[in-house]
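Spelled out from the first residue to the last, the chains are:
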Amino acid sequence: MRINPYNNVKYQWAVYVVFFIFLACIPTIVGDDVFLLNQLSTYGVYGILALSLSLCWGFGGILNLGQGIAFGLGSYGMAMTMQLQSQDILEDRIPPFMLNNAVETLPAIWEPFWNAGAGISLALIVPTLFCLIFGGLMFWGRVSGPFFAIMTLAMLSAFYTIFIDLQYLTNGVNGITPPMALEVGPYLVDPYSSVSFWVVFVALLLCTVVAKLITQSKFGLIVQAQKNDPERTRFLGYNVALYETIIYAFSGFIAAIAGCCFAMLTQYVSPGQFDVGFSISMVIWVAIGGRASLLWGMLGAFMVQGAQSYLGDQFLSTWLLILGFFFILVVRFLPGGLAGLVEVILGYFSSNSSGTKGSNSEPKRVD
Amino acid sequence: MAGMLELKNLNKNFDAVHVINDFSLEVFENSLCCLVGPNGAGKTTTLDLITGRQAPSSGKIILNGVDITGKAEQAICRLGIGRKFQIPAIFRELSVEQNLAVAHSIEINPIKNIFSFSSKNYKTKMDEIADKVGLSHRLPEMAGNLSHGEIQWLEIGMLLMQDAPLLLLDEPVAGMTEGEVSKTVDILNELKKIKTLIVVEHDMGFVRRIADVVTVMHMGSLLAKGSIEQIEKNQEVRNVYLGTEDE
Amino acid sequence: MLASIVNPLILGISIGSILLISALGLAVIYGAAGVINMAHGEFIMLGAYSTYTLQSTMGMPFLLCIPCAFFIVGIIGFVIERNLICYLYNRPLDTLLATWGVSLVLMQSSRLIFGSDVKYIAMPEFLSTNLELGILNFSTFRLFLIAVALILLFITWFIFYRTRLGIKIRAVTQNKEMAASFGINAAQVYSITFAFGAGLAGAAGAMFGALSIVLPTMGMHYVVEAFLMVVTGGGSILGTVFASTLAGEIQSIFAFIFNDTMARGLLFILIVVLLRFRPQGLLSTGSGRR
Numbered sequence: 036m037r038i039n040p041y042n043n044v045k046y047q048w049a050v051y052v053v054f055f056i057f058l059a060c061i062p063t064i065v066g067d068d069v070f071l072l073n074q075l076s077t078y079g080v081y082g083i084l085a086l087s088l089s090l091c092w093g094f095g096g097i098l099n100l101g102q103g104i105a106f107g108l109g110s111y112g113m114a115m116t117m118q119l120q121s122q123d124i125l126e127d128r129i130p131p132f133m134l135n136n137a138v139e140t141l142p143a144i145w146e147p148f149w150n151a152g153a154g155i156s157l158a159l160i161v162p163t164l165f166c167l168i169f170g171g172l173m174f175w176g177r178v179s180g181p182f183f184a185i186m187t188l189a190m191l192s193a194f195y196t197i198f199i200d201l202q203y204l205t206n207g208v209n210g211i212t213p214p215m216a217l218e219v220g221p222y223l224v225d226p227y228s229s230v231s232f233w234v235v236f237v238a239l240l241l242c243t244v245v246a247k248l249i250t251q252s253k254f255g256l257i258v259q260a261q262k263n264d265p266e267r268t269r270f271l272g273y274n275v276a277l278y279e280t281i282i283y284a285f286s287g288f289i290a291a292i293a294g295c296c297f298a299m300l301t302q303y304v305s306p307g308q309f310d311v312g313f314s315i316s317m318v319i320w321v322a323i324g325g326r327a328s329l330l331w332g333m334l335g336a337f338m339v340q341g342a343q344s345y346l347g348d349q350f351l352s353t354w355l356l357i358l359g360f361f362f363i364l365v366v367r368f369l370p371g372g373l374a375g376l377v378e379v380i381l382g383y384f385s386s387n388s389s390g391t392k393g394s395n396s397e398p399k400r401v402d
Numbered sequence: 047m048a049g050m051l052e053l054k055n056l057n058k059n060f061d062a063v064h065v066i067n068d069f070s071l072e073v074f075e076n077s078l079c080c081l082v083g084p085n086g087a088g089k090t091t092t093l094d095l096i097t098g099r100q101a102p103s104s105g106k107i108i109l110n111g112v113d114i115t116g117k118a119e120q121a122i123c124r125l126g127i128g129r130k131f132q133i134p135a136i137f138r139e140l141s142v143e144q145n146l147a148v149a150h151s152i153e154i155n156p157i158k159n160i161f162s163f164s165s166k167n168y169k170t171k172m173d174e175i176a177d178k179v180g181l182s183h184r185l186p187e188m189a190g191n192l193s194h195g196e197i198q199w200l201e202i203g204m205l206l207m208q209d210a211p212l213l214l215l216d217e218p219v220a221g222m223t224e225g226e227v228s229k230t231v232d233i234l235n236e237l238k239k240i241k242t243l244i245v246v247e248h249d250m251g252f253v254r255r256i257a258d259v260v261t262v263m264h265m266g267s268l269l270a271k272g273s274i275e276q277i278e279k280n281q282e283v284r285n286v287y288l289g290t291e292d293e
Numbered sequence: 005m006l007a008s009i010v011n012p013l014i015l016g017i018s019i020g021s022i023l024l025i026s027a028l029g030l031a032v033i034y035g036a037a038g039v040i041n042m043a044h045g046e047f048i049m050l051g052a053y054s055t056y057t058l059q060s061t062m063g064m065p066f067l068l069c070i071p072c073a074f075f076i077v078g079i080i081g082f083v084i085e086r087n088l089i090c091y092l093y094n095r096p097l098d099t100l101l102a103t104w105g106v107s108l109v110l111m112q113s114s115r116l117i118f119g120s121d122v123k124y125i126a127m128p129e130f131l132s133t134n135l136e137l138g139i140l141n142f143s144t145f146r147l148f149l150i151a152v153a154l155i156l157l158f159i160t161w162f163i164f165y166r167t168r169l170g171i172k173i174r175a176v177t178q179n180k181e182m183a184a185s186f187g188i189n190a191a192q193v194y195s196i197t198f199a200f201g202a203g204l205a206g207a208a209g210a211m212f213g214a215l216s217i218v219l220p221t222m223g224m225h226y227v228v229e230a231f232l233m234v235v236t237g238g239g240s241i242l243g244t245v246f247a248s249t250l251a252g253e254i255q256s257i258f259a260f261i262f263n264d265t266m267a268r269g270l271l272f273i274l275i276v277v278l279l280r281f282r283p284q285g286l287l288s289t290g291s292g293r294r
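Protein chains in written order, with the numbering used here: chain A, 36 to 402; chain B, 47 to 293; chain C, 5 to 294.
Worth flagging that the hints you see were computed from the coordinates, not collected in a lab. It should be emphasised that the depicted structure is a prediction, and the values quoted were computed from it without experimental measurement. Treat each hint with caution, since some may be false.
Here are the simulated lysine-lysine pairs, BS3-like style, with alpha carbons at most 30 angstroms apart [as the list claims (entries may be wrong)]:
no.: 1; chain 1: B; residue 1: LYS171; chain 2: B; residue 2: LYS241
no.: 2; chain 1: A; residue 1: LYS45; chain 2: B; residue 2: LYS54
no.: 3; chain 1: B; residue 1: LYS171; chain 2: A; residue 2: LYS247
no.: 4; chain 1: B; residue 1: LYS158; chain 2: B; residue 2: LYS241
no.: 5; chain 1: B; residue 1: LYS106; chain 2: B; residue 2: LYS166
no.: 6; chain 1: B; residue 1: LYS241; chain 2: A; residue 2: LYS247
no.: 7; chain 1: B; residue 1: LYS239; chain 2: B; residue 2: LYS229
no.: 8; chain 1: B; residue 1: LYS169; chain 2: B; residue 2: LYS238
no.: 9; chain 1: B; residue 1: LYS54; chain 2: B; residue 2: LYS229
no.: 10; chain 1: B; residue 1: LYS178; chain 2: A; residue 2: LYS247
no.: 11; chain 1: B; residue 1: LYS171; chain 2: A; residue 2: LYS45
no.: 12; chain 1: B; residue 1: LYS117; chain 2: B; residue 2: LYS271
no.: 13; chain 1: B; residue 1: LYS279; chain 2: B; residue 2: LYS171
no.: 14; chain 1: B; residue 1: LYS241; chain 2: B; residue 2: LYS178
no.: 15; chain 1: B; residue 1: LYS117; chain 2: A; residue 2: LYS45
no.: 16; chain 1: A; residue 1: LYS247; chain 2: B; residue 2: LYS169
no.: 17; chain 1: B; residue 1: LYS239; chain 2: B; residue 2: LYS271
no.: 18; chain 1: B; residue 1: LYS238; chain 2: A; residue 2: LYS45
no.: 19; chain 1: B; residue 1: LYS239; chain 2: B; residue 2: LYS106
Now the stretches of chain A that chain C is said to cover, found in silico as 3 or more residues with beta-carbon under 8 angstroms [unchecked claim]:
no.: 20; stretch: 42-52
no.: 21; stretch: 127-136
no.: 22; stretch: 161-173
no.: 23; stretch: 321-329
no.: 24; stretch: 358-368
Where is the CB? At the ideal position from N, CA and C, for every residue including glycine.
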C-alpha cells in the first residue's frame with residue numbers, strides 16, 4: 036500500500052517552509068511601493084482569518100458563520116487602544132466622536148485601554164472569552180452542525196446591531212478612526228512601512244506553526260475523531276463538548292489576532308467587521324481553497340481577495356455574482372476545494388509511479 | 047460476593063411504552079454474560095441505560111459498589127465501561143492506527159493532550175492489540191476502507207486500547223462470514239480471561255460457543271437465567287424465543 | 005395606563021405574526037425535507053421584487069400580487085431544488101453552504117437587474133389607515149399581517165393534513181425508504197415541498213416589501229430571525245408558530261422596557277440559553293439515533 040505524498044507530514048512542513056520563505060521575499064520584490072505593501076499586509080490578515088476558520092471548520096468540523104465576531108472584537112479593542120494613545124490621560128481624555136455625542140466622562144469600559152499592553156491583551160482575551168462562554172453553552176447543550184452554524188450567524192447579527200446602537204461607545208456606523216499609528220514603547224508601527232508587514236508576517240507565521248502543531252497532537256487527533264463520530268468519542272471517555280469549546284475558542288483567539296493586525300494596518304474599524312457578508316467571504320475563501328487544509332485556506336483567501344481588488348470596484352457586483360456561482364460549484368462538485376483537487380492529482384501520480392493499483396486509498400470527502 | 051455490575055429493578059418508559067420492566071441483573075467479574083431475546087426485548091436499551099446514553103425511569107445501576115445511575119456517558123466510561131455499538135462506530139476518516147491511538151484514552155485532559163505528540167508510551171500496547179484482533183498489517187489503512195469484519199474487530203481493538211475492565215458488545219458478529227465468526231469466538235474466549243463481558247446476541251450457535259451465563263430477556267423483563275444447557279432446556283424460553291429456530 | 009400595557013401586547017402579536025410569516029416557509033422546507041435553506045431570505049427578497057415589478061409595469065393590485073409572488077418564487081425554488089439541492093440531501097452542512105451560495109447569486113443578480121436603490125410597493129388605501137378602538141390604536145396593515153399569517157398557516161395545515169400530497173409529504177418525512185416502497189416518488193415530493201416553502205417566502209416578501217422597503221439585501225434581515233424561530237420551535241411547524249408568538253411578545257415587552265436593539269439582543273441571548281437546556285427546541289421530544 037502506498038501513501039499519497041499529500042498526506043506525508045514531512046512534505047507538508049516543507050511546503051509551509053517554502054510558502055513562508057516566499058512571503059518573506061515580498062518586501063524586497065515590492066520595494067518602495069508602501070501602498071501595495073500595506074495592501075499585501077492586509078491579505079496577510081485575511082490569511083490569518085482563513086487559518087482560524089479552517090482550523091475550526093475544516094479540521095474540527097465546527098462550521099462557524101460568525102468568525103467576524105472574534106475578528107471584530109479584536110479590531111475594536113486595538114482601535115480603542117490606538118485612539119487613546121493619541122489622547123492625553125489628564126488633559127484630553129475624551130475622543131472627539133464622544134464629544135460629538137455629548138459624552139462628558141470617558142465610559143468606564145474605555146479606561147483599561149489607556150495602557151497599550153492592557154488594551155491589546157483585552158483585545159485578545161475578550162473575544163476568546165466570548166467564544167469559551169458561547170461555545171460552552173452551545174456544545175454542552177449538544178447543539179452541533181448546521182444548528183451551531185445558524186446560532187453563530189444569529190450572534191453575529193446581534194453584535195452588528197448592538198455595535199451600531201451603542202453610538203456613544205463605538206461611534207455607531209462611522210466606526211473609530213484613530214488618528215495616529217500604533218506605538219509600541221518608543222517605536223511607531225507605521226502601517227505604510229515594512230515594519231507593519233513584518234508584524235503581520237510574524238503573526239501569520241506563529242499562528243500557522245501553532246495551529247499545525249495542534250493538528251498533529253493527540254488533542255488534534257481527538258478533535259478529528261469527534262468530527263467523525265462524536266458519540267463514539269464520548270464513549271471512549273472524552274468530554275467532546277470540552278474539546279469542541281477549546282478548538283472553537285482557539286480559533287476565535289487567532290481571529291482576534293487578525294482583528295488586532297487589521298486595526299493596526301487600516302487605522303479604522305467599523306461595524307462592517309461584524310457584517311454578515313464579510314463572514315460569508317471568509318467561508319468562501321476557505322471552501323474554495325480547501326477546508327481541510329490550513330495552507331490552502333490561506334491561499335484561498337489570497338486568491339479571492341486578490342482577484343476582487345484586481346478587478347476593482349466597478350466590476351464588484353459582477354465579480355460577487357461569479358464568486359457565488361463558483362462557490363456553489365465547489366460545494367457541489369469539489370467539497371475538498373482546490374486542495375482536494377491537488378490531493379487527487381498527487382495521489383494519481385504517486386500510484387502510477389509506484390505501479391501499485393487498487394490499494395491506494397481514495398481521497399476522502401471531507402465535511 | 048457482590049457482582050461487578052448490578053442492575054436493580056430498572057424501568058424505562060418511552061411515553062406510555064414500557065421498554066424495560068423491572069429488570070435486574072448481576073454480572074460477576076471475569077465472566078461472559080450473554081444477553082439474548084427476541085427483537086424488541088430491550089437488550090440494546092439495557093446497554094443504553096448502563097452506559098448513560100439514556101437515563102432509566104427508575105431503578106439503580108451499580109458498578110463496583112458505586113452508583114452510576116444517570117451519569118454522563120464519558121463519566122461512566124471513565125469508571126471502566128467500554129461499549130461496542132450495534133452498527134459499528136469507528137472513525138472512518140482516520141487510519142486504523144489513529145483509531146487505536148484515539149481509543150487510548152488514559153489521558154483525557156485536552157490541555158495535556160495539546161502537548162502530546164508521540165505515541166511511544168503506548169506503541170507496544172497498540173501493536174499487541176492490533177495483533178490480537180488481526181489488524182497488524184492494516185495499521186496505515188483508512189478505517190473506512192476496511193471490510194465489515196475488520197471494522198468489527200477494530201472496534202473491539204479500540205475497546206481494548208481503552209482498557210475498560212467491563213466490555214459491552216452489541217451484536218459483535220452481525221453480518222460476519224462463518225470464518226470471521228470463528229475468529230471472533232477465539233478473540234472473545236481469549237478476552238474473558240482478563241475482562242468481564244456482556245454480549246448482546248441473536249445467534250444461539252454463537253452464544254453456545256462463548257457464554258458462561260445466558261440471560262434471556264422478553265418484553266423488557268428477565269425471562270430466564272442460567273448456563274446455556276439450562277436455557278436450552280427451559281420450556282418458557284423455547285416458547286418465546288427458541289421455539290421456531292431450535293435445530 | 006391600561007393602553008400602555010395592552011398596546012405592547014398587541015404589538016407583540018404583530019411582531020410574532022411577522023416572524024411567523026417569514027419563518028413558515030423555512031419551517032416547511034426544514035421540517036419536511038430537512039434542508040437548511042440559507043437562501044430563504046433571498047426568496048423573500050424575490051417575492052418583494054416580483055410584487056414591485058408586477059405593480060409598476062402592469063399596475064396589478066396589491067392583493068393580487070401576493071398569490072402571484074407565491075407562484076413566481078415557488079417556480080424559482082422548484083428550479084433551484086431540481087438543479088442543485090436534490091444532489092445534496094445527505095450532506096446537511098453542504099446544503100447549508102450551497103444555499104448560501106444561491107443566496108449570494110440571487111442577491112447580486114437582483115442588484116444587477118434592479119439596481120441598489122430603494123424601491124417601494126404601494127399599498128391599497130384601506131390598509132394604510134390607523135384603527136382606533138377606544139384606548140387602543142393600531143395600523144390596519146398590522147392587522148392585515150396577522151390575518152395573512154393565519155391564512156398562510158391554514159393553507160399549510162390544509163395541504164399537510166387534508167390532501168393526498170400532505171399524506172405523501174408526511175410519509176416521506178417519517179421514513180423515506182418505506183414511503184418509496186409504497187410507490188411514493190420521494191424526489192418529487194421533496195421538490196414540491198421545497199417549491200411550496202419558497203412560495204411561502206415569496207408571499208412573505210410581497211408583504212414585507214409593503215411593510216418597509218425593497219432592497220437587494222433585505223433578505224438577510226429576515227432570514228436570521230426566521231431561522232431562530234424554526235430552531236427554537238424544534239423544527240416543526242407547530243413549534244415555529246409557538247416560538248414566533250412567544251418571541252414576538254418577549255421582544256415587544258423588552259422593547260417597551262429598553263429599546264428595539266436591546267430587545268433583539270436580549271432575545272438572542274435568551275434563545276442561546278434556552279438551547280443550552282433544551283437543544284431539541286421548545287416543542288420536540290428527545291431525539292433517537294443509531
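Status of each hint after checking the structure:
{"no.": "1", "hint": "B/LYS171 to B/LYS241", "result": "16 angstroms, holds"}
{"no.": "2", "hint": "A/LYS45 to B/LYS54", "result": "55 angstroms, violated"}
{"no.": "3", "hint": "B/LYS171 to A/LYS247", "result": "27 angstroms, holds"}
{"no.": "4", "hint": "B/LYS158 to B/LYS241", "result": "29 angstroms, holds"}
{"no.": "5", "hint": "B/LYS106 to B/LYS166", "result": "41 angstroms, violated"}
{"no.": "6", "hint": "B/LYS241 to A/LYS247", "result": "39 angstroms, violated"}
{"no.": "7", "hint": "B/LYS239 to B/LYS229", "result": "16 angstroms, holds"}
{"no.": "8", "hint": "B/LYS169 to B/LYS238", "result": "24 angstroms, holds"}
{"no.": "9", "hint": "B/LYS54 to B/LYS229", "result": "35 angstroms, violated"}
{"no.": "10", "hint": "B/LYS178 to A/LYS247", "result": "34 angstroms, violated"}
{"no.": "11", "hint": "B/LYS171 to A/LYS45", "result": "26 angstroms, holds"}
{"no.": "12", "hint": "B/LYS117 to B/LYS271", "result": "28 angstroms, holds"}
{"no.": "13", "hint": "B/LYS279 to B/LYS171", "result": "43 angstroms, violated"}
{"no.": "14", "hint": "B/LYS241 to B/LYS178", "result": "14 angstroms, holds"}
{"no.": "15", "hint": "B/LYS117 to A/LYS45", "result": "43 angstroms, violated"}
{"no.": "16", "hint": "A/LYS247 to B/LYS169", "result": "23 angstroms, holds"}
{"no.": "17", "hint": "B/LYS239 to B/LYS271", "result": "22 angstroms, holds"}
{"no.": "18", "hint": "B/LYS238 to A/LYS45", "result": "42 angstroms, violated"}
{"no.": "19", "hint": "B/LYS239 to B/LYS106", "result": "28 angstroms, holds"}
{"no.": "20", "hint": "42-52", "result": "violated (count 0)"}
{"no.": "21", "hint": "127-136", "result": "violated (count 0)"}
{"no.": "22", "hint": "161-173", "result": "holds (count 3)"}
{"no.": "23", "hint": "321-329", "result": "violated (count 1)"}
{"no.": "24", "hint": "358-368", "result": "holds (count 7)"}
Hint compliance for this structure: hints 2, 5, 6, 9, 10, 13, 15, 18, 20, 21, 23 are broken, all remaining hints hold.
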